[in-house]
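Engineer: Sequence:
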Amino acid sequence: MSSTEAPTITLHWLEKSRAQRTLWLLEELKVPYQVKTYKRNAQMRGDPALKNVHPLGKSPLLTVGDRAVAESAFISEYLCDHFAAGPESTLVPAKWQPGREGQLGGETDAWMLYRYYMHYAEGSLMSAMLMKLVPFGMAHAPAPFYIRPILSRIAARVEQTLEPECKAHFDFLEAQLASAPEGGPYLCGPNLTAADILMSFPVMMSQEGASAMYGRVTEKTYPKLWAYCELLKGIESRKRAVEKIIEIEGSYDEKLL
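Take the sequence shown: its position 64, counting from 1, is numbered 64 in the UniProt record's numbering, and each next residue is one higher.
Certain hints may be false.
Said to hold, decoys possible - List of simulated lysine to aspartate or glutamate pairs, EDC-like, C-alpha gap at most 16 angstroms:
| # | residue 1 | residue 2 |
| --- | --- | --- |
| 1 | Lys220 | Asp171 |
| 2 | Lys244 | Glu15 |
| 3 | Lys36 | Glu249 |
| 4 | Lys36 | Glu15 |
| 5 | Lys224 | Glu208 |
| 6 | Lys16 | Asp253 |
| 7 | Lys167 | Glu219 |
| 8 | Lys224 | Glu174 |
| 9 | Lys220 | Glu208 |
| 10 | Lys30 | Glu88 |
| 11 | Lys233 | Glu243 |
Calculated directly from the structure, the hints in this document are not laboratory data. These numbers were taken from a predicted model, which means no experiment stands behind them.
Please model the entire structure based on the sequences and the hints provided.
Structural biologist: Here is the structure:
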């Protein structure tokens, strides 16, 4: 490859994973890319072949030529730095208030929220949600029949301990949507941003019917968060990302567990 030739972008996509968000972002950016798909095993473990791309073997993974780019937020920021940096793109909000360029505190509210959600999605929010895998795994673990009632009781107690933390996040997001810049309807204002795409996985996973483990967000309990999820589902670039997987794999299962 010559020094002026653009390297090939390849998304290493694992089923039932956060890689679907990266595929959606690539579609929204309208950049050329390739997709290589991987399957989970019966225990829902990722494909060991991913370790040939990156030592940790996690997904999403992006390769740009022979360089591996890992971690959802870093991948999103990397792609946006290259393909959404101009004023014609709204995937990254304008950083500075007019006349306050480069000043401490001169950032726009939309940009501050954008950077916050880029880290919140994989930090505070996903950490709380992933903790719920513990009681779910205990309750569904193979065990002798006389042990199952004990495991179920322990799992229920752990679930009770974790539930307030998840509820606090849903309450927070409901309030954030109500106070979004310019009335929303997205988290950072009137335009879809890369942060919304990153947030799509945890919020959609929380919707009623999305998984056996979550489903606390209903149209009645969190109307704004529910409407936000439905809004994201209807975006054309997201639909194209789903169609891309159907084209490659023959089907796409939105249900996570």
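Engineer: All hints are to be evaluated individually against the structure, with a verdict given for each.
Structural biologist: For each hint, the structure was consulted:
The hinted pair formed by Lys220 and Asp171 meets the criterion: a straight-line CA distance of about 13 angstroms does not exceed 16 angstroms. Distance restraint check for Lys244 and Glu15: the Cα-Cα separation of roughly 13 angstroms lies within the 16 angstroms cut-off, and the hinted pair is therefore satisfied. A distance of roughly 10 angstroms separates the Cα atoms of Lys36 and Glu249; the hinted pair therefore holds under the 16 angstroms criterion. A threshold of 16 angstroms between alpha carbons decides the hint, and for Lys36 with Glu15 the separation of about 11 angstroms falls inside it, so the pair holds.
Between Lys224 and Glu208 the alpha-carbon distance is near 14 angstroms, which keeps this suggested pair within the 16 angstroms criterion. Distance restraint check for Lys16 and Asp253: the Cα-Cα separation of roughly 8 angstroms lies within the 16 angstroms cut-off, and the hinted pair is therefore satisfied. This hinted pair checks out: Lys167 and Glu219 have alpha carbons roughly 15 angstroms apart, not beyond 16 angstroms. Between Lys224 and Glu174 the alpha-carbon distance is near 6 angstroms, which keeps this suggested pair within the 16 angstroms criterion.
Straight-line distance between C-alpha atoms of Lys220 and Glu208 comes to about 11 angstroms, which keeps the hinted pair within the 16 angstroms bound. At most 16 angstroms may separate the alpha-carbon atoms for a hinted pair to count; Lys30 and Glu88 meet this at roughly 14 angstroms. The suggested pairing of Lys233 with Glu243 holds, with an alpha-carbon distance near 13 angstroms, which does not exceed 16 angstroms.
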